[in-house]
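Number of protein chains: 2
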Amino acid sequence: MHMDTRPDSLAAALAPKSVAIIGASDNPDKVGGRPVDYLRRFGYAGNIYPVNPTRSVVQGLPCYPDVASLPEAPDLAIVAVAGAAVATTVRACAARGVRTAIILSSGFGETGEDGLQQQAELAQVAARAGMRLVGPNSQGLANFSNGAVANFSTMFTQLAPQDGPVAIVSQSGATSAALYTLLRERGVGVRYVLATGNEADTTVSELAQVVTEDPAIKLIVLYMESLQDPEVLAAAAAQARRKGIPIVMLKAGRSASGMAAAQSHTGALVNEDGVVDAFLHRHAIWRVADPASIVNVAELYLKGMRSLGRGLVVVSNSGSSCVMCADMADELGLQLGELASSTRERIKEALASFATCSNPIDLTTALLGNSGALGGVLRALGEDPAGDLYLISLPVAGAGYDLERLAEDTAAFEAATGKTVVVTATLASALAPFRRRGLVTFASERQAMLALDQASRHFALMHAAPPAAPDGEGIVLPEGAAPFLSEADSLAVATSAGLPVAAYWVCHDVDQALAAWRQLGGAVAVKACSEALPHKSEYGLVFLNANSEDAVRSAFESCRDGMATLGVPWGGVIVARMERGRREFAIGGKTDPVFGPVIMVSDGGKYIEAMPDFCLLVPPFDAAEVRTALSRLRVAPLFAGVRGEAPMDVTALCDAVVAVAAVMQRSGGEIASIDLNPVMVRSEGEGVVIVDALIERQPHAHSVSVSGSAHATKTVEEMKS
Amino acid sequence: MHMDTRPDSLAAALAPKSVAIIGASDNPDKVGGRPVDYLRRFGYAGNIYPVNPTRSVVQGLPCYPDVASLPEAPDLAIVAVAGAAVATTVRACAARGVRTAIILSSGFGETGEDGLQQQAELAQVAARAGMRLVGPNSQGLANFSNGAVANFSTMFTQLAPQDGPVAIVSQSGATSAALYTLLRERGVGVRYVLATGNEADTTVSELAQVVTEDPAIKLIVLYMESLQDPEVLAAAAAQARRKGIPIVMLKAGRSASGMAAAQSHTGALVNEDGVVDAFLHRHAIWRVADPASIVNVAELYLKGMRSLGRGLVVVSNSGSSCVMCADMADELGLQLGELASSTRERIKEALASFATCSNPIDLTTALLGNSGALGGVLRALGEDPAGDLYLISLPVAGAGYDLERLAEDTAAFEAATGKTVVVTATLASALAPFRRRGLVTFASERQAMLALDQASRHFALMHAAPPAAPDGEGIVLPEGAAPFLSEADSLAVATSAGLPVAAYWVCHDVDQALAAWRQLGGAVAVKACSEALPHKSEYGLVFLNANSEDAVRSAFESCRDGMATLGVPWGGVIVARMERGRREFAIGGKTDPVFGPVIMVSDGGKYIEAMPDFCLLVPPFDAAEVRTALSRLRVAPLFAGVRGEAPMDVTALCDAVVAVAAVMQRSGGEIASIDLNPVMVRSEGEGVVIVDALIERQPHAHSVSVSGSAHATKTVEEMKS
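As they're listed, the protein sequences go chains A and B. Each residue of the first sequence is one higher than the last, beginning at 1 in full-length UniProt numbering. Each residue of the second sequence is one higher than the last, beginning at 1 in full-length UniProt numbering.
For the record, the hints were derived by calculation from the structure and aren't laboratory data. Fair warning: there could be bad hints in the mix.
Given that identical chains are not distinguished, each listed pair holds provided it fits within a single copy or across any two copies.
Stated by the list, open to error - Calculated lysine to aspartate or glutamate pairs in the EDC-like style (CA-CA distance at most 20 angstroms, straight line):
1) 606 to 584
2) 348 to 114
3) 218 to 72
4) 17 to 37
5) 419 to 272
6) 303 to 408
7) 606 to 645
8) 30 to 402
9) 419 to 384
10) 218 to 185
11) 30 to 8
12) 348 to 185
13) 419 to 383
14) 243 to 213
All values reported here derive from a predicted model rather than from experimental measurement.
So here's chain A without its partners, still in its complex pose:
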C-alpha cells in the first residue's frame, strides 16, 4: 500500500528546502517551540516558517497566521496543534501543497478505535492531495547532516548531536531517543533520528528505504512493534545488502504480554513472532532483543569485517579471563583454534618461559616487565590461520603498564593484517589509548564476545547469496468452493509438484479397492476421501494395515457408509501403500496475512505439539538453507545415524521442503495452507515419502466444513496438528 507513490516526498522531508511549524511556540521547551529552536541551533539553512495566529514573531522569526498565507508551499510541515485542530491543519497543509506533514500531536490510534478511525481519515485527506503524513503521535524526523531537525526530543539538548554514519528509524520516539543517547554516549555519530509514531501513512520500512540511499550511512537501526509492509522492508534490505549496510532491528511484541502491550500502545496489528524471525533472517536483517545489543555492536559494524570466519584468538594478561573467554567461546560457537607449532614457538620467544602458549594465550605478568610482549605475541599470531577475530583482554591495567605502547602495537597489528581486533579492560581509562587509535573497545569480555559473535554471524548472513525465486509454472487448484481440497486432490497437487507421495488409488467401488490392494502388493491404508473431511481420522474413517480381501472390503465399506452417514460429498476411497520410514516429520506451508508464504519443517509423531521441535523458513530458499535450519532442530543428532543406524536421507527431506515452498509460491497465494504429515524419512538414498496431505484454499466466500471448523486462516501451531 505504500510502494506506489511519492517516495521522493519522504526523501525531501529529510532535506527540505523549507519547513513550516504549525502551532509554533516562542518557548523552546514546548513541543511547538522545540523544532523552531532545533532547526536554528543545528544549522538548518532553508526557510523556516512559524505559523501561529496569535503571534507575529516566534523565537525571532516572522510568524504566519495560517498555512494558506505561507509565502511558498513548504516541503515539510510540522503539525504541533492539539485536538480537532489537527484535522483542520492537515487539510490546510494538503490544500497548500505541502509535500510531507509530520503530526507530533497524540490522541489518535493509541487511544482506541475512534482514534484509529480519525487517523485513517487524516491519511485519506493526505493521500488525495499527494501529501505524505508522518505520525500522528510522532516525535518527528531529524537529520543532523543538514540541521533539518523537525523533532521535539529532549535528548538532543541533553547530549550534543554529531553527524555520523548511523540512521535510527523507530516507531517509538522514546526508543529512538534512547538509541540516540546510547550511541552518542559511546561517541558514535548519528545522522538520522526518525520516529514514525502511529504510522497512519509513513512506516519505518519506508524511511529505512530512504536512508539506505544515503551513501554516508553505514549502519541502520530499526525499532518496530508492528510490521505491516514487509515487501517495503525487504526492498530496503535488498538495497542495504547490495551496499554492504547492516540493518539491525529491535522488533518488540515478541511474547504474549509484549503483543498485548504493543496493541494497547499503538493499536497496530500484531505479528506472529516466529514468522518475523524467519522473515528477518531471509532478508539478512539481524534481530536483537534490547537496545544494548544494538549499541554494543555498532562500532564493530561501522569498522566492518574483512573475514567472515569464526576463528577466535584470545590474548589476556589474566588467566581467569582466558578461562571465562573460553567458556563463552564454546557457548557462542566461536572456535578457539589450535595455533601452529611455529606460532607457539614464536610466542614462547616473545614471553617468559613458563607462559601458556596455547589459545587462549595467557600473558601472565609479562606485560609488567616487558611492554613489547603484546606486540611480539601479535606479530607471532599475524601469520597463524587460527584467527579471524582477536580479543585482547586486559582486566588488570594501571600503574606499571605502558598502555600507549600496548595500544600502538595493537593498532599496528590491526593495520598490518586487516583482522578484526577488539580490546577489553575493566577500567575505562585503560581503554582510552586504544580508542584514540581507532580500535574497537568494550567494558567487558562478555560484551566483546557477544559483539564479535553477532557481527560475524550477521556479516556472513549478509554475504550469503540471496536465493532465486523458484522456476515452474503456476499451480492451479482444482475448481471448487470448499475450504479444503480432498486428500486425493491434495495428493495430486503434491505429486504434480514432484513431491514423493505414497502410491495410492482413488477407488469408487469394492472391486477397485481390491484391485488396488493386489496391485500395490502388501498392506494398505484405506481412507475416506472428501473435500468436506479434512480431519477424517477423527471420524474413524482411516483403516491402517489392511492386508486381506476381507479387511480391504470391510474398510472400503466402512468408509463408504461413514461418508454417507455424515452426508459429505463423495470423493472416493483412497487405497494407499503402507509406508515405513526411520522417523516421521511434518512439512507445512501457510500464507501469512502479512508475510505471505511461510514454510515449517517439524519433527513428527504424536507429541508434535506438546514437545515442539520445528523451524520456519520464508521463501525463496534453497536446500542448503533448509539443511542449516534443520541442523538446529533438537532431532538433528539423529540425522547422521546413532547407535549403529544408517544416516537418514536429509537431502531428500530438504528437497521436499524446497518443493513445498515452490508449491506455495507457484500457487499465487491461492493456497492458504498445506500440511504434509507424516513425511516418512528413510535411510540415505531411500528418500522420503509423504503419507497424507491436506491443502486449504485461500478463503474467498466459503461455507463451513462438516468438521465444524470455520475457514479462518490457521496459525502455524494449528498447522502442525
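Given the structure of chain A, go ahead and fit chain B onto it with the hints provided.
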C-alpha cells in the same frame, strides 16, 4: 582436608596484629613494595615489619634482615621473593611461628607438574608447623575495615577503596580486582578482596567461611575455576543462609574449552559442570556466568527483598518501554499481573484520560504537565496485590521533567510499602536524584529485569527449607570383588530400598524358568545374570516377550550356553514379567569424586544420549524438589497427559528418585553408580516399575570385567547409556 585445623589463623590473617613483608621494596609500585605502601595508606594500625637483607629502611620503616630476627612472630607474613627463595622463606616463616603466610610469588602449579610438586612441598612444610598458606601465585588478602591490605592489586590505586558490606573471594587475583573495580565504580563499598591463587593450602571455600562470620558482610561474591572442598563451601553456605547473606558464584571452566584453559591456568582438577550446578543449587548459591551478572544485582541484594513473589508492575513514560518490558517479563517468567479495577480507576484519576491503565502502565506524556502523576499512580498501586516488584522506567527525561519530585514520590512509595522498587533511565544524570534517595537504579530496563529476576529467585531459594538427610539403616552391598553387582543382586538392593522392581525369578534350571513363566502369568523377559555381565544385551543374552514353553526353554538355554561360552561366573537366569508403561525414564546415581552422591533423572528410550533430556540433583532433596526439577524437562508437558491421555504417575517417579538418593547416601559411598533403566512410568495411581538395574561398586582394587570396560568412575553421560 581443610576442615580440621587452624581456621582461626585465617580469621587472624584478615585482622592481623602484625604483618611482615619478606622481600619488601622501597618502590611502592613493585610487588614487594605495594603491601607496605597499602598497609600504611589504608590505615593499618598494627605492626609492619619489612624484611630485606639489603636494606635497613623500607618506605621509612625499619627493615629486618631476615624472618628470624623479627621482634615478634607475626600473624601474617607476605612472601614477595622469587624462585628458590620462596621455599627458604616459607621454612623460615614456619620456624618463626608465623600464623599465615601469603605467597605472592608465581611460577608454581600454573607452570606444570614440577610446580605442582613444589607447592605441595610448601604446603607440607606449613602444615607441619601449624602455619596456613595462601597461594602461591596469590594476589593477596585485603580488608578495608582495618587497613590490613596484604595485597598487590594495582586497582586499589586506580579506584579508591571504601569499606562496605561486600566480600570478594576469588581464586584469581585479576578477577577479584575486576569485581572490586566494577562494584566500586557503581559506588558499592567493598570490605574484603581476597585472592587464593594456586590454593596449595587455603581455598576460596575456607575464606568464604571466614567472611561469613563477619556481621558487617551482607553479600559474598566468589570466583572459582576448580572446587575441591565442597563440604567446606556447603558449611559456609549453610551459615550464610542462616544469616540471610546471599552468596553469588562465578564458577568458570563451564565448557570443554574453559576447562582446558582452567587446567593450564592453575593446574587444578576440573569439575563436571552439571554437577557443579546441582551442588550450588542445593546450597542456595547463585551461579552466574560473568562478573556483570554479579555487579548488576549487588545493590538489590544489599537492599534485600521483603516479598519473594514474582508479580511485576511496570510504570513508564514510554509505551515502547512497556512493550519491551512485557516481552522480557514473559521471557524471564515474571508475572505482569492484572490490576484490580479499583486500582485502575485510581490510576485513571491520576493520569490524563486516554492513558492505558493496564499493567505495564504507560504514563504517556503525563509527567511533562503533571509532576505529581507518578506519585499518584504509585499511591494507587500501593494497595494492589499484583505487585511484588516495581520497575519504574523513564527512558525519556531531561528538561521539562521534575526529577526531584519523581524521585521523592518513588522513595516515599518504597518507604511506605516496603516493596522492591527499581528505577531505570537512559541518562545517568536522570538517575542521580533517585540514587541520592537510596533507590536502586539501572542504566537499562534489561539490566533491571535481569536483576529483579535473579534476586527474587535467589532469595526464594535461600528461604526454602533445606531438606533433611534420609532415614534408614546403612545399605551393605553383597560381598564380592567384581566391579559390578549382577542384575539379581542389583535388583535385590533396589527392592530392599523399597523401589518398585518388576516381578522376577532367578532361575538355575529350565524347570525353574518354566515355573517362573507360569507363575508370572504372561510374557516374560529372560536374561543372563552374572556379575561379570553388566552389558548383557550387547552379547545377545536378553530375550524379550517369551510367552510359550518353547520360547522360555530356548531363551534359558541360550543364556546358559552363552554364559558358558563367555566363561563368566554363573548368577542364574532372570525370568521377569514383561512390563508396560506410558513412557520410559531412567534414574541414575553416582558418587562424584568431588561432590559425592549425585542423582540423575532422564527421559528414556533409544535416543537418551543423542537427544539428552535430564536433570541432576545433589541429595538430600525431597519429592517436591524432584517435581520442580522434572518440570524443567522437555518431556514435562506429557506428564499432565496430552491428546486425551491420562496424567502420568509423576508422584511415583519422584518417590523413586528420592529412594535412589537414599540408597546412594545409605550405602556410605560404597556404590560408585546405580543405573535404573528403563523405569516405566504409568498412568496416575499405577506407579512406576523398574525393569533393569545395575549397581557398580566403589573401586578398591578390582579387575576388569568381561565386557572389557575398566572399572573407572563413569561420567553422568556414560551413566545414561
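Verification of the hints:
{"no.": "1", "hint": "606 to 584", "result": "both (10 angstroms within a copy, 16 angstroms between copies)"}
{"no.": "2", "hint": "348 to 114", "result": "between (74 angstroms within a copy, 19 angstroms between copies)"}
{"no.": "3", "hint": "218 to 72", "result": "neither (35 angstroms within a copy, 69 angstroms between copies)"}
{"no.": "4", "hint": "17 to 37", "result": "within (17 angstroms within a copy, 67 angstroms between copies)"}
{"no.": "5", "hint": "419 to 272", "result": "neither (39 angstroms within a copy, 35 angstroms between copies)"}
{"no.": "6", "hint": "303 to 408", "result": "within (18 angstroms within a copy, 44 angstroms between copies)"}
{"no.": "7", "hint": "606 to 645", "result": "between (22 angstroms within a copy, 11 angstroms between copies)"}
{"no.": "8", "hint": "30 to 402", "result": "between (51 angstroms within a copy, 15 angstroms between copies)"}
{"no.": "9", "hint": "419 to 384", "result": "within (12 angstroms within a copy, 56 angstroms between copies)"}
{"no.": "10", "hint": "218 to 185", "result": "within (19 angstroms within a copy, 33 angstroms between copies)"}
{"no.": "11", "hint": "30 to 8", "result": "neither (30 angstroms within a copy, 67 angstroms between copies)"}
{"no.": "12", "hint": "348 to 185", "result": "neither (40 angstroms within a copy, 36 angstroms between copies)"}
{"no.": "13", "hint": "419 to 383", "result": "within (11 angstroms within a copy, 58 angstroms between copies)"}
{"no.": "14", "hint": "243 to 213", "result": "within (9 angstroms within a copy, 62 angstroms between copies)"}
In summary, the structure is inconsistent with hints 3, 5, 11, 12 from the numbered list given earlier, while agreeing with the others.
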